[in-house]
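Put the two chains together into one complex; each comes in its own frame, and the hints tell you how they fit.
Okay, here's what each chain looks like letter by letter:
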Amino acid sequence: MRIKLESIRNCLEGAVPGTISTCAPDGTPNIAYLSQIQYVDGEHVALSYQFFNTTRRNILASPYARLAAIDPHTAAHYRLSLQYLRTEQSGPLFESMKAKLAGIASHTGMGDVFRLLGSDIYRVLDIEQVPGQTVPLPRPERNLLAALRAFSEDLCGAADLDDLFARVLTSLERNLGIENAMLLMVDETGRRLYTIASLGYSDSGVGSEIAFGEGVIGVAARERTPIRISHFTSEYNYSCAIRDNLALEGCLELETKIPLPGLAASCSQLAVPIKACDRLIGVLYVESQQDMRFGYDDEDALVTLAGQLGAGIRLLQQAAEAPIEATTQVAPTRPPDNGGKPLAVRHYAENDSVFLDGNYLIKGVAGAIFWTLIRDFVELGRIDFNNRELRLDRRIRLPDLSDNLEARLILLERRLAEHAAPVRIEKTGRGRFRLKVTRAIELFDA
Amino acid sequence: MLDERSPILDDANAGFICGGISINTAACRPGGFPALARAVGCRVAPDRRAVTVLLGGTAAADVIEGVRRSGAVAVVFSDPSTNRTLQLKGYDALVLPPEPGDAALAARYRAAFSATLVPLGFTDAVVQALLACPDDDLLTIRFSPTAAFSQTPGPQAGEPLVRGA
Chain C
1 MRIKLESIRN CLEGAVPGTI STCAPDGTPN IAYLSQIQYV DGEHVALSYQ FFNTTRRNIL
61 ASPYARLAAI DPHTAAHYRL SLQYLRTEQS GPLFESMKAK LAGIASHTGM GDVFRLLGSD
121 IYRVLDIEQV PGQTVPLPRP ERNLLAALRA FSEDLCGAAD LDDLFARVLT SLERNLGIEN
181 AMLLMVDETG RRLYTIASLG YSDSGVGSEI AFGEGVIGVA ARERTPIRIS HFTSEYNYSC
241 AIRDNLALEG CLELETKIPL PGLAASCSQL AVPIKACDRL IGVLYVESQQ DMRFGYDDED
301 ALVTLAGQLG AGIRLLQQAA EAPIEATTQV APTRPPDNGG KPLAVRHYAE NDSVFLDGNY
361 LIKGVAGAIF WTLIRDFVEL GRIDFNNREL RLDRRIRLPD LSDNLEARLI LLERRLAEHA
421 APVRIEKTGR GRFRLKVTRA IELFDA
Chain P
1 MLDERSPILD DANAGFICGG ISINTAACRP GGFPALARAV GCRVAPDRRA VTVLLGGTAA
61 ADVIEGVRRS GAVAVVFSDP STNRTLQLKG YDALVLPPEP GDAALAARYR AAFSATLVPL
121 GFTDAVVQAL LACPDDDLLT IRFSPTAAFS QTPGPQAGEP LVRGA
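As you go down the protein sequences, you meet chains C and P in turn. 302 is the number that full-length UniProt numbering gives to position 302 of the first sequence; each next residue is one higher, with no gaps. 109 is the number that full-length UniProt numbering gives to position 109 of the second sequence; each next residue is one higher, with no gaps.
Next up, chain P with everything else stripped away, as it sits in the complex (with noise of 0.2 Å):
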């Protein structure tokens, strides 16, 4: 069935999602522990409708699974530098293998991140070395939001985003 209301990202959260911020990822499989990992980029398709994660396939196995088995994901998205945090959730997640230009996409995304952690005191030698996953390992999780929470730390975290805006 078609959405017709109109994307939960705004063009705002949308660039917010794919810059040089910390992205994590989360999944349960039914009666099994929550799943969680870190992914190594983001993209947004043109209309906004649509999240795609980049994860290595290794470091985040579980969550794979988690997906595969049960379709819900949840995605956080922290700038270290000013605390600003949005977590997206969606119930139609797939695995999908990378799209050319993904593994650039991976390489752009810890260049970016690390030019946000290296002025807080992180070296840039162990930003790369957290983020780093060989290009045959890159799988994708592609979801569309059903939900947004601003989780910037305060009475208001957990709050949904209004929709549409």
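Only chain C is shown next, with the shape it has when bound in the complex (with noise of 0.2 Å):
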């Protein structure tokens, strides 16, 4: 029977590197160790080109190739018949391999020297098994597959999107094992991602932001792919990007940063797009302190997750505008005086940005809606709205109408909740919610 590329995926993952022999047009022979095998689909590999070495001079005059890569767990060694078709220098493989070569380039000291100028694409031809001894494969942690439709089930369960999304972590935890996760979700700008939910961390670091193309995360966004990196690196470590960003960015931007959520050394990191009908609304991000903790198993289950999550996403915001019934009118409230200082409420319309008594709340589109809802209470006596209504408000300026409204009244609400702010935000039905307000306030509008 012939050997599946996907079925011996696990020995690309570079534990044992991999060896690749090439010939020259005279007939000699060469060898090179391979810092990199992409396991591209199940007809294709990927190497990766970091220097013109004896190995390129050799394909581009002959493109054939022999390739040894060896299961690391059972020593069953395998080599693969190669056919050099092409490179790339840009896209989502592209960008795939430079974020894992990253890893491995700092993981094995060659952090200043190994820099990705292409991914040679092969198609295998042939994979044998070499004859030799095997060692039995260790029972694995879990099984992936029941794994996946447990988490597959959790998630059916879900009754709203902050159900949804709290699922997802939950699930995370009790079916994967895995501890460290962020739930981020594309912004208006359609540039930028803002935390919506996380697991396993001090601070949760919801409505934290980063921009795509910035670390894992933001490559996965910006190249709509999965990015998944085995060690430590500097180059896409989330603290040393922020840091080095911050310096860059004026006053305000400052002043509005929250800290992004994620371990100081992240050893294993994978984050994956989340698309709904091919558009993408988000990136889920996981990841461990141990080394090559997720592989092109995990990578597999994840982005199956996230194909239901994107679906679920969606159907759940359409849902949490479903008609509004007539509401019954409550007469209008007055802010409670219960003699103390107001609370002060300040606006800045350069990006809606809102401070509650000096402290930062939140900006862009949930920072409008929060100065629309308190401006409704302050000066109309209103507590009661509906997505729907705000979905139109032209005060609120969505980007379109598509935008998921529902996603930024639960980051406010989570921000709201964070700062155990006099001002909350309760569910009162679909699509409904409620204001409630435990101070006086005062408006400022910069």
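Keep in mind that the hints were calculated from the coordinates and are not lab data. Where hints are given, some of them may not hold.
Stated by the list, open to error - So these bits of chain P aren't anywhere near chain C, every CB distance computed over 12 Å: (1) Ala12; (2) Gly15; (3) Phe16; (4) Gly20; (5) Pro30; (6) Arg43; (7) Arg69; (8) Val75; (9) Pro80; (10) Leu94; (11) Glu99; (12) Gly101; (13) Asp137.
To be verified - Facing chain C, from chain P, some residues (calculated, C-beta under 7 Å): (14) Thr58; (15) Val118; (16) Pro119; (17) Leu130; (18) Ser150.
In this text, a Cβ means the ideal position worked out from N, Cα and C, and glycines have one as well.
The structure is reproduced here in structure tokens:
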């Protein structure tokens, strides 16, 4: 039976470095160690092109090569017959290999040396197992397919978007043993993501932002492809990226920066784009302090889940805006006057940032929503609102009608709760909520 | 014709390639696919002008066939704990039966390579299985290195060693 490439993917992860042999036109053989072998699909692998070396010279002259890959757990030894097809110098595959290479380079002390010039794509013509001894495969820690099924069933039970986000995180931990994760949504600019929920950090980081292209999460979003790193690298480390960027930004930007949560020295990182009907809506990110924690199978599991998650987010967002029944009008509410100093709510139109008693709360669309709600409360005594009217409210300036308004409300609700603010949002039904205010309010529009 | 120049391998490199490090061998059959096989030991002649690598005849059948037909061989030696890598090439390679002591050499090599790999997280069982070779399957390839290249990763990778330092 022909050996299928996907069944030996684990041998390509580099635990035992692969080797490649090529032949020069004069018949001189050559061998090179490979820092990276990337599984592309059932018939193709990609190798990293870092230097113009003998291997490269040889394959440009004659495209045939042989590659050896070894299973680090069983010692099973495979030889792949390859045919070089082309080199890619940008795009999802290239970026995914570049990120992975940064981890490998830093792990092997080659951080300054390894630079990806291209992804060389090869067709796999044949795979043979080299005769020899093997040891039994250690029992896997979990059955990923069973875990995936349990995860999927967990998600199916979500009552609303908030519940869906909570279920993703608890299920990551329960079914996949993942202890650190973030769920991020694309913001109104379409070039940035904001954290809507996280797992396993001392600060939730809800509301923190990351630009497309920055770190593993940002590259996954920009390229719409999963990015997986198996070793620590400062190049894709969030604490470094953010520190560097802070230095470049203005004052108001600094004040409104919520630190992205994340492990200080993350060794394994995996970011998977969340798409709904081919539109990027967010990123699911998991990380670990353990080297090589996530393999191809984990990546497949999370990509599968992200598909369900994307569809679920879209569905529950629509459900949150079902037609509103005639609402019973509540008499206008006055702010409570308990004699204390009123809460100073300051709004900066420049970026719709909102500060409560001088402490940064939120900005962007969620900031505009809060400012609209609190103004209606102060000026009209209004406490009951619904998603549908907010979507149409011109003061909020939603970027487009399909914007994920419900996710902004969840973000706002969480930020208010984390601040222990005297203003809270409480759900009163599908697509409806109430503003709960326990202190007098004073508005300042800057 | 006698080569009057000093051998390509100096003492340090000769010691390096006989250590507990990874050894891979390649050969080409004219018009065929490049062949590739892992070696299970190495010895260097006292004058350092000939290198002999030990292989399992079954696992390395393609390489052996290529060497028999062309005499050209490439052997790469790499220390996984330092990434130090050296490639030798030769054009007079011969496939020879093992000499007395080669089976013991292969056993010593397995133990030495395992001692290198176990601290890197591999189990001894995996290393032993990977390098297992029945004594009666052992064959050797002997060649005179005519070129040596440092392949320690980096921009200098592939540059020839200075001859006879």
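Results of checking the hints against the structure:
Non-interface status of Ala12 of chain P relative to chain C is upheld: no Cβ of that chain comes within 12 Å, the nearest being about 21 Å off. At roughly 21 Å, the least C-beta separation between Gly15 of chain P and chain C is larger than 12 Å, which holds for a residue marked as non-interface. The beta carbon of Phe16 of chain P sits about 16 Å from the closest Cβ of chain C, which is more than 12 Å, so the claim that it is off the interface holds. Listed as outside the interface, Gly20 of chain P is consistent with that label: its C-beta sits roughly 15 Å from the nearest C-beta of chain C, beyond the 12 Å cut-off.
In this structure Pro30 of chain P is not separated from chain C by more than 12 Å, as the shortest Cβ-Cβ distance comes to only about 6 Å. In this structure Arg43 of chain P is separated from chain C by more than 12 Å, as the shortest Cβ-Cβ distance comes to about 20 Å. Its closest Cβ contact with chain C, about 10 Å, brings Arg69 of chain P to no more than 12 Å, contrary to its assignment away from the interface. At roughly 8 Å from the closest C-beta of chain C, the C-beta of Val75 of chain P falls inside 12 Å, breaking its exclusion from the interface.
Its beta-carbon lying about 7 Å from the closest one in chain C, Pro80 of chain P breaks the requirement of being farther than 12 Å from that chain. Listed as outside the interface, Leu94 of chain P is consistent with that label: its C-beta sits roughly 16 Å from the nearest C-beta of chain C, beyond the 12 Å cut-off. Taking the minimum C-beta to C-beta distance to chain C, about 23 Å, the non-interface status of Glu99 of chain P holds against the 12 Å cut. At the 12 Å boundary, the C-beta of Gly101 of chain P stays outside the reach of chain C, the nearest C-beta of that chain being 23 Å off.
The beta carbon of Asp137 of chain P is not kept farther than 12 Å from every beta carbon of chain C, the shortest such distance being approximately 9 Å. Interface hint status for Thr58 of chain P: upheld, as the beta-carbon distance to the closest one in chain C is roughly 5 Å, under 7 Å. Annotation: Val118 of chain P was flagged as interfacial toward chain C, and the flag is violated, the nearest CB pair being 13 Å apart, outside 7 Å. Among the interface hints, the one on Pro119 of chain P is violated; its C-beta lies about 14 Å from the nearest C-beta in chain C, farther than the 7 Å criterion.
The criterion of a C-beta within 7 Å of any C-beta in chain C is met by Leu130 of chain P, whose closest approach is roughly 4 Å, and the hint holds. The beta carbon of Ser150 of chain P is not positioned within 7 Å of any beta carbon in chain C (closest approach about 12 Å), and the interface hint is therefore violated.
Against the hints set out earlier in the document, violations occur for numbers 5, 7, 8, 9, 13, 15, 16 and 18.
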